[in-house]
Structures are given as C-alpha cells and as structure tokens.
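Peer 1: Build the complex: two chains, separate frames, hints provided.
Residue-level listing of the chains:
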Amino acid sequence: MRVALFVPCYVDQLRPQIGLATLDLLTAAGFEVDFQEEVVCCGQPFLTAGETKRAAALGARFVDAFQNVEAIVTPSGSCAATLRRHLESLVTAPAAASVAAKTFELCEFITKESACPPLSRPFPHRVGLHASCHGLRELGLGTPTETRSATRIDPARELLSRIPELEITSLDRRDECCGFGGTFSVEEAAVSTRMGLDRLEDHGRGGAEIVTSTDVSCLLHLEGLSRRRTLPFEIFHIAEILAASALGHDLRASTEPC
Amino acid sequence: MGHVDRAREFVRDESRTKWHDESLWFVRAKRDEAADTVPDWEALRDEAATIKRDALSRLPDLWRQFETAATEAGAVVHWARDAEEHNQIVLNLLEERGFRRVVKSKSMLTEECGLNPFLEARGIEIIDTDLGERIVQLRNERPSHIVMPAIHLKRSEVGKLFEKEMGAPVGLDDPDALTALARQDLRKRFLAAEAGITGVNFAVAETGSFVVVTNEGNADLGTALPSLHIACVGLEKIIPAPGDLAPFLRLLARSATGQPISAYTSHFRGPREAEDIESPAPAMHIVIVDNGRSDLLAQPSFRDALACIRCGACLNTCPVYRRSGGHSYGTTIPGPIGSVLEPSRDPKAHAELPHACTLCGSCTDVCPVRVPLHHQLLTWRAHLAEGGHHPTRRRVAFGLAGRLFAHPRAYEILTKAGRRVARRLPAAWLDRLTSPWTEARTLPPIPARSFREQMRARERQATRGPR
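The listed protein sequences derive, respectively, from chains D and C. At position 225 of the first sequence (counting the first as 1) the number is 225 in the numbering used here, and the numbers step up by one without a gap. For any residue, its number in the numbering used here is found by taking its place in the second sequence, counting from 1, and adding 1000.
You can trust all of the hints, since none of them are fake.
In the DSSO-like style, the derived pairs of lysine-lysine whose C-alpha atoms are separated by at most 30 Å in a straight line are: (1) K1018(C) with K1160(C); (2) K53(D) with K1348(C); (3) K53(D) with K1416(C); (4) K1154(C) with K1018(C); (5) K1164(C) with K1154(C); (6) K1160(C) with K1188(C).
Everything labelled a hint here was simulated from the structure, so no lab data went into it. These numbers were taken from a predicted model, which means no experiment stands behind them.
Looking at chain C on its own, in the form it has when it is part of the complex (with noise of 0.2 Å):
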C-alpha cells in the first residue's frame, strides 16, 4: 500500500480531514504572523541559506575541527556510517555502564535509525520524553509530523490512551490536565534515567558545541539528572561557528511554530561538571551519523535539501499533507522534504512519493533556507523514471500520447473522433471510460470542433468574405 491507498483512506473521514487540515493551517497562519514581525525576512532566509550551503560544501573541514574541539572540551566523539553502526554505538555506550533506563527527547535522527525498537529488543527500556512523541511511542506509532508528532490525534483521543496508560480519568480530554498527567508520569522515568538521549539541531564546528531547542525543557532534565549524555547528529547539522546559529534561531521557532523563539534554547559545550566524588562523573558522547547523507550530497539536484533545519513548515503549507496525514507517507519524514530525502534512500520502495505532490510550490516559497523543494520532487520524477521504478502504465501512456502530440495531423484525427465518439456515448458510458476523472468529477459538454477547426472555419470565411 502506498500513499496513494492510504491517503484515499484518510480522506474517506470528511471531517477528521478538515479538523487536520485547518489544525495545520492554523499552525502556517501563525508562521505567516511570525515572519510579519521580522523587518527582512526574506534577506534572512538568503543569510541562512547562504552559510547551509557553504557549511555543505566543506562538511569534513568542518567536522574535523569539531571534533578537535569537542574533544577538547570533554566529549567523546563517534562517527557512524549507518544506522546500524549509530544504533550499536549508542548500544555499547549503555551497555559497557550496565545501564538499561534511558531517556531521550525528540530525535527524528533517532527515529530515522529505529533505535526505539534496537534498544528495547535487547532489554533496555527507553523513554520518549517530548510529549508529543510520548504520546506516538504509547500507541505504538511513528510521529506523523517532524515538529508535532501527535498532530494526527485529537484530545480525546489521547485521553483514552492516558485512560489506559497512566489511569486518567474516563473522558478526560481537558490538554492541561493531560499535560499534567504526562509530567508527573515522565518525572519518574526522570528521576530514574541513567543516561539521556537527546537530538542535535545545530553542532558548531568552531567551538564543538551544540545546539538542541525544544519547547518542554525535557533535553534539559534528561542531560541534567543522568550521567550519560549521548548525542545523535546528523551528517547536515553543522554550521561553522556561533555567530551563524543567529539567523537559524530567528527562522527556526518562526517557521515551525509561528512562535518568536521556542522556549528552551540550550547550548552544550562538553560534559557537565561533577557534582560530587560520589556520584558517576558525568560523560558526554556525541554519535555524528551518515546513513545516506554523503549519497545525497553526491547528487548536485538534491545536496541542497542537506540544508533542512526540520521546523516543519513544508508539512503544513502542503495541502496534500493537509489533507492525507502524515503516516500517508510511510516514512520517518513525511511531507515534501520527506518525499525529497526518502526516494534518496530507497528508491524503489519510495518511488511515488514524489507523485504525492501538485507541484503547487508553497513549500519552497515557505521553507526558511530555501530548498527547492518542488523543483527537487520534480527532478525526482525524471530520475526515478529513468531508473525504470515508474509503473509500466504511466511510461505506456505517456509514450503513446507523447508520439501523438508530436504528430499533429495524427494528433487532430484522432481526437476529433474521440470527440465524435465521446458526444454520441450515453454520459455513463463515457465516466467510465474517462475514470478515475469522472470519479468526482461530471465531464463538461464535449465540443463539437477544435479551437484549430474553428479557426480554420473562420479563415475559410474570412477569405471568401461574407456571403
């Protein structure tokens, strides 16, 4: 199933269709909001796209020097080639400590990789601390949003689950008091964490810190309680020095949120300090993850969508995200940036994904550094394609109507007896002939004569004048 059958199925529910899609408008109208307050946004977003792209273009100077620097300043720094290698390092990392509780705040790298599912399969219970992806991981899913990953349930929704989970009470569906319920249950995991997990949204080469903004606080406890902290980064994450997070920190929150800034911003610089002789003395590990990044950057037509910040806008300016839902999608990332990154990976299996797409062109109007992202879905097509990954119905139809538009004598008879044909057929007839068009859609009256007929018809008189 692909997400043509899923989002058919999505959109079957009229009005859970709407709720979703004006829930994600309403997140857009607010980022439109944002970006009014800022004098130059547009010369903003070129700043930000300009050092992206210059960062992608020397991005092993750039790791290098971090990694000097990080280790200078006490971290341990590793480098994985793939999901398997990041997965197993985080592994060996808890297991040479004998710890097995873990806490992680949102991580789409980590999700990207299935370390969720590796960790618990060998005994370890790790815990999903940003409530959105608390939620997601309770029931048992994939975040269907990269900023908002419960965007698909409704309040009540997560009442039933907390219901279950946490023994709210029945019908339960007020968000504060919910909130409340999840705080109070993840204050436990907390408190019994051994190491902390968290994402990276920007490493900064110069000085080997990083950057990780959430709007809970939850990667600061969960560094802040255990001993362990261990990183997870994206191959993309890194910008050359501080003065550059500026104009990524006023874009990011804006256009994930429509919020001016996210509410905790918070710069890591090697491990913390001890507390006491007692305690385990705090640890910091930072695992720098390829899995398909280097392939990308490879490829002139897609290196540039390496500059994604994920805030998220391109999901919810997409109407066709709007309106199919993010788990539509069948992949870690959904949505535009999504269907650009995912074909990358594993072209076969995400070969339509790029089809999932009016090639209207709000997310690369939206998109804060300026990844052409309509422009890439559409080289996608030609490249999946030529790849022979289309369905042989699509290259069939396109052949035979290519070699028709390039003859136009051929072109003109057949479809004037097409019209012909298609004026004397009963109206039944011809929907079902002209589906899945027709499947909403009522035909308009079929012209008798073409424009070129008409035209013709109107020489004709014109040369022998009026009668």
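Only chain D is shown next, with the shape it has when bound in the complex (with noise of 0.2 Å):
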C-alpha cells in the first residue's frame, strides 16, 4: 500500500525527527511511502484564526496534492482532525470527502492497519500520556472523559502498551486540554501557561519521567514550559518512542548537530 506522509510545517522546522521516525516506522511497516513536499499546511491555523479564506487555499491545496494516494499520514492529530472534520466544508473539489476520510493520525493509522512493526526492544521507562484534545474528541481516539458512550480505543495508549517495561503512567485528569490552543498560546499568554504547568504537575504527581503525545503543538508547549523551569521531564512525540522500540532509534540523538 503506498501511503502519503504529511509532514507539518511545525514538525518540518522544529522537529525534523518526528517526521522521520514516522517515514521510518510505516516503511518498516510495510508501507511504500511518499513525501509531498509541495503541501506545508493543512490549515488549520488559518482556520482557527477565523481567516476561512487561507485555509480553504490551503485546504485546496491539500486536496490537488493528495487526491490519488491512498491514504495520508500525518503525525499530528490535530492537523487530521482539521482536515478530517473540516476539509469538506472548507474546499468545494469533488474530492475534498475522499481525501478528508483518508487522512489519518499515525497511532489512528498503524492501528487500524494492524501494521505496527514489532514493538521489541524494552523502553524501561514512566510515560506519561497527553491526550490531544483534538486526536481524542475530533478523530475519537478514545472516549472523553464527559461521555458515557461506548468505549473506544485510544491506539496511542495500545501501542504504547505493547511496549516491554513501558508504564504508563495515570493522571488525576485523564484528558484536561494542556493550553496549547494555537493562536490562544501567545494571545492568552497567561492562561496558556497555568494550564500547561497544571498538566505538568499532574504528569508529575503520576510519575512520568516522559511525556509523550500524538500531537506535536502540545508538545512543543509543554517542553517550552518544562525547560524554562527546569522541570525532571522529557518530552517525545510518541512518533519517536515507537521507532526507538521498534527500530532501535536512539532518542536523544535526534538534534543533529551539523
């Protein structure tokens, strides 16, 4: 199956491993994958800053791009969720639906594609698990703490699972937003910033000595916060702890010094 990754403009400039190691993991996964380099963008900031207008250029982009593949994967929930949940409405293209319905977070993909390469070496570590609001409420990758439908399952905390000598570590609040939101990370400064080190301190409370998630914006809020206070955490896009498992990718080697 030849697959399309998509690599946002994030993780391109300020986390090139996660792309990578997400190239690394569906190529060992049996996937012949191809990099689009002419799509930066789903959207989604455009979207949520209320400018429509780029981010339908953006979503039409997106659509002329990768219409004819298979799927796309992306390993950012929050970018499959903007085009899963928004594409349609956004681009008039005929194949705004295709694309928008085969455009998955990379837990979301492995899994469902029952294509995770083994999950061998050990990561003798304490993980704690960010929920992205987004991946979980958007793409329903697990069940939201306010509902009570049936249970669905998160395929980050199942791949995670199958990890030797992994822990998962618990939280007093299983799926509180980190106060990344985007936009709302620099103009609400403030309260983006109690909301991320409340988080931290509940990772903290369960023990985790990483964080890790499927979305890199909450990430890179999280780690902006722990660094500045020194706080015991490291944080990994889940992306990077399946490769370091699966294929021996050493993780802190991954800020390439050249």
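Peer 2: Here it is, written out as structure tokens:
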C-alpha cells in the first residue's frame, strides 16, 4: 500500500526527527511512503484564527496534492482532525470528502491497518500520555471523560502498552487540555501557561519521566514550559518512542549537530 | 480591557487560581459521578436535544399555545422585544400597585436586562434571595457563574461582607453560620416584599405552566408571600408538553451540580388562590422576552445555542474559565456558552471572546443538550474576522503566513534563513523576537536542517548508494 506522509510546517522546521521517525515506522511496517513537498500546512492555524479563505486555499492545495493516494498519514492529531472534520466544508472540489476520510493520525493509521512493526525493544521508562484534545474529541481516538458512550480504543495508549518495560503513568485529569490552543498560546499566554504547568504537575504526580502525545504542538508548548522551569521531564513525540522500540532509534541523538 | 488582560490579572494570584480551578473541577467530578448513575446518559442527551430543537423550530406556535393556556389559568402574559421593554413592563406592574419592595429568585434573564439597577434607580428595593446572588448583590458585582454566582469568593470573604452588612462576628467563616445569618436577614425581606420576581427554567406550551428550579426554596417563599408574582422568561425556554420535562429535569441538576435532582422543582400554573377577602387578590404576570434571541434563531450556525438550559456544566469543565474566573469575560454569561451568545448581541465588544478558548471541545461533550459549543466558537471566529472585528495585526500576520504556506519554495528559503539566524542569535535576543511564546517557555534547540532537507539528503544518498 502506498501512503502519503504529511509533515506539517512546525514538525518540518522544529522537530524534523518526528517526521523521520514517522517515515521509518511506516516504511518498516511495509508501506511505500511518498513525501509530497508541495504541501506545507493543512490550514489549521488559519481556520482557528477565523481566516477561512486562507484555510480554504491551503485545503485546496492539500486536496490537489493528495487526491490520488490511498491514505495520508501525519504525526499530528490536530492536523488530521482539521482535515477530517473541516476539509469538506472548506473546499468545494469533489475529492475533498474522500481526502478528508483517508487522512489519518499516525497511531490511528497503523492500528487500523494492524501494521505496526514489532515493538520489541524494551523502553524502561515511566511515560505520561497527554491526550490531544483534537485526536480525542474530533477523531474519536479514545473516550472523553465527559461522555458515557461505548468505550473507544485510544490507539496511542494501545501501542504504548505493547512496549516492553514501558509504564504508562496515571493522571488525575485524564484528558484535560494542555492550554496550547494555537494562537491561544500567545494571545492568552498567561492562561495558556497556567494550563500547561497544571498538566505537567499532574504528570509529575503520576511519576512520569517522559511526556508524550500524538500532537507535536501540545508537546512544544509543554516542553517550552518544562525547559524554562527546568522541570525533570523529557518530552518526546509518540512516533519517536515507537521508533525507539521498533527500530532502535536513539531518542537522544535526534538533534543533529551539523 | 478584554478577557486577555483580566485573565492575566486573575492568574497572577497563583494560589487563588488553583483554588478556583479545583473548586470547579470538584463540581465537574460530581457531575461525572451523577452521569454514571443514569443508565443511558447519552440517549437522554439525545432526547433532550431533540425536544429543544423541535421546539426552537416552532417557537411562535408554542408560545401562542402557552399564552392561551396561561391566560385561561388566570395569568397575564406580556411580550417584551428587548431589555428596555422588559424592564418597563416590570416597573409598570409595580408602579400600578404602588409596590416598592421586591424579592427576586435567581434569573440570568433579569441580570441580562439589567433589571436591578433599573428598578433601584426608580426607588424600588429589589433583593436577590438566592444566597450566591445576594452575596454578589451586596458586593455590587455581577455573578461570576450562572449557577453558582459567588463561586469566585472564599468563605472568609463572605464573612467579611456579612460583618459589614449584617453585623456578623469578626472572622466568621463557618458556612452554616453564614447561611443562617443570611437567612435571618432575608426572612425580613421576604415578609416585607410586595412582589416576587422569578426566572423560568421551563415553560410548558400545552398547559401554560412553568417550572422554576432552585436549591434554596427561595422562589417558593418569594412567590407564596407577596400578592404579585412576575415571572420573566426568555423566548428559548419553551417546551411542548409536560411529559417533555422529564429528560430536562433528569439532566439539569446532574449537569449543573451533580445532584440527582435539585432541592425544589416548583411548578406554577396561574396565580395562587386568594387566602381571604381582605388581602389583595394574588396575580401572576409572565413577561416573555426576546432581547436578541430571535436574531440568534435566524442564524443557522448558532441557533442551537438557544437550546441551552443554563446548567453551567460548560463553565465548570472549561479549562480556561476555571483559570480565568467568570468576571474575566466581562459579560452577563461567562464561559463557553456566554462566548457563543454574547458576540451576537454586540460583535464589536465581544469579538475576542471566541478566542478565549483552546477549542478543546470539553464543553461540547459535557453539554446535556448537545450544543456544539466549540464548533460554534470556531464559526464565530470566521464571522467576526469577516465582519472586520479582528485586530489588524492578526489579519496581517495570517495573511502573510497564508501566502508563504501556499508557496513552498518561498517557505523553504525563508524558513531556512530564519533558522540560520535563530541558531546564531544570543538566546535572549531570540526570546525577545519570539515573545510572547517565550514569555514563559524556552525555545528548543533549532535544527540545522528541516525535515524536507533531511529527506532530500537521504534520497541523494540512496541514489548514490553507500560510499
């Protein structure tokens, strides 16, 4: 199966190793992976800023670029959610609906395809899993604590629980928002900060050494706060942890010096 | 000053912010437990949502039916286009009778209409009888929450207030003792009142009756003693038949406070019977208020918000509300539902409220009547941007970024140059350039090569083969 890898701008620029980990995981899982350089952004920041026309223009580029692939995979729950939930209302092209339906968050995709490479190497760490709100509530990856509907599988948790010696730590508030929220993080920096620190404290109470998530934006926010206060957390995207266990990627060698 | 500044001020007091967050989270947790006790919570939400949406689709018919039935039961129905008309109707009813002392149970509608200051300016004493409302009234404040109006205050602050207003002993902060004091004070007001005003939780079209839900019984006492009962009701509060009450009464208290049912669920239908010949004949007047609701009804993107039953669950669950307090919104109704309702009233004044939100979606999932709150907030952002209500800097920044993202080559050249500069700048300079992101966050090391550059390098290596 040929899949297209969509690497959003902030992963491209700030965390290229997450893109590489995703690519390597998909390749190891037996997929032929295309990377489409023409697409930089799914349009999410524009949509949430109310700049619908800009979001629509980027959405149209997305549909153009990906209409002929079998599936589009991205290491970002919120980008996938934007495309899945809003692409059809933004873009009039007939392919919009099918592109929206075949766009997947990484963990969602490899779980759906039962195609994760064996997670064989032990990862002897206590890991706190931050639920991305958009993955949880828009993509339905897991059961939100508010609802009483039938339990839905959280692919990220499911995959992590397969890794030997990895302990998923508990949280008092299992799915509280981290406070990133796109422009919210800068426009409402004070509240955003409070929310993020509260999340980290909750992870600390649960004994997490590493905090991970399916969403890079949440993680950049939490990492920034953790660094500033020199808190004892390491922050990795779930693709990096999966690649460490499945492929022996070295987590800490990821920031290349050159 | 908008939400951003007021919220910043609020979170500056770290321990108070935590206390506020935890108080409300406690209510949210109680709500979760209460939802667990209902075998099919989600089906109940569906049922309530369906009833409300049906009612909203035929408001004129239902209200006419209500008017007929209520009139038959002996009530007098008034129609108010806006807050001003509403206040004037209430004033006329009081002045006709020469009444000057009024007690009022909890009503967000009269808060929205500014009834208290309106009546007070005309020499009428109006006393809020809900304990929380009484506290904020004595402090000259707005409610900070639609169900728990004084949730922003600590017991000790209430003690200080009562010390000044009711002669409480210094340092009193025992909730039972404070409540007892307030009851004694309120009892005098109840006995002296000539009219009682209530809000309405549900108006029933078929019977011309209505339901008022309280935990303190203050609506009952406030309407049982005076001869005049004025009920003020928003246009969205109607449901077709008495049987439709069931899902709402099961959802409301559970969603609001985690109680299986509120302490008092009072049904009113027509004025109560005269007690004796000497006392003035009891009268009931019902004021139906539009005040912008039909405008909202006309907007397909937002009309579902009129299904709101004012339980406050979206406030309790909102991570932003919990950490910025109700007053930071600067509106009658704070929190997610307020940020949906208020921009319709005054888009210019409230253009930034839909941005006081991370779009986490917890409000939508907690809402007992399935108002898609976070999607409505997202839609508001688009409407307000199009309406020219967004700040220029946001529009310019996104305009430039949008063009850049649509041109991958330009994107690559500029970001590469940007990263090169960023890697060479002293950290303090870089922080200043990237503020307010770096106000409380430290930037990660900036990679030398982007993902696409590394991809290309890999591909080149693959074609050349290993050296």
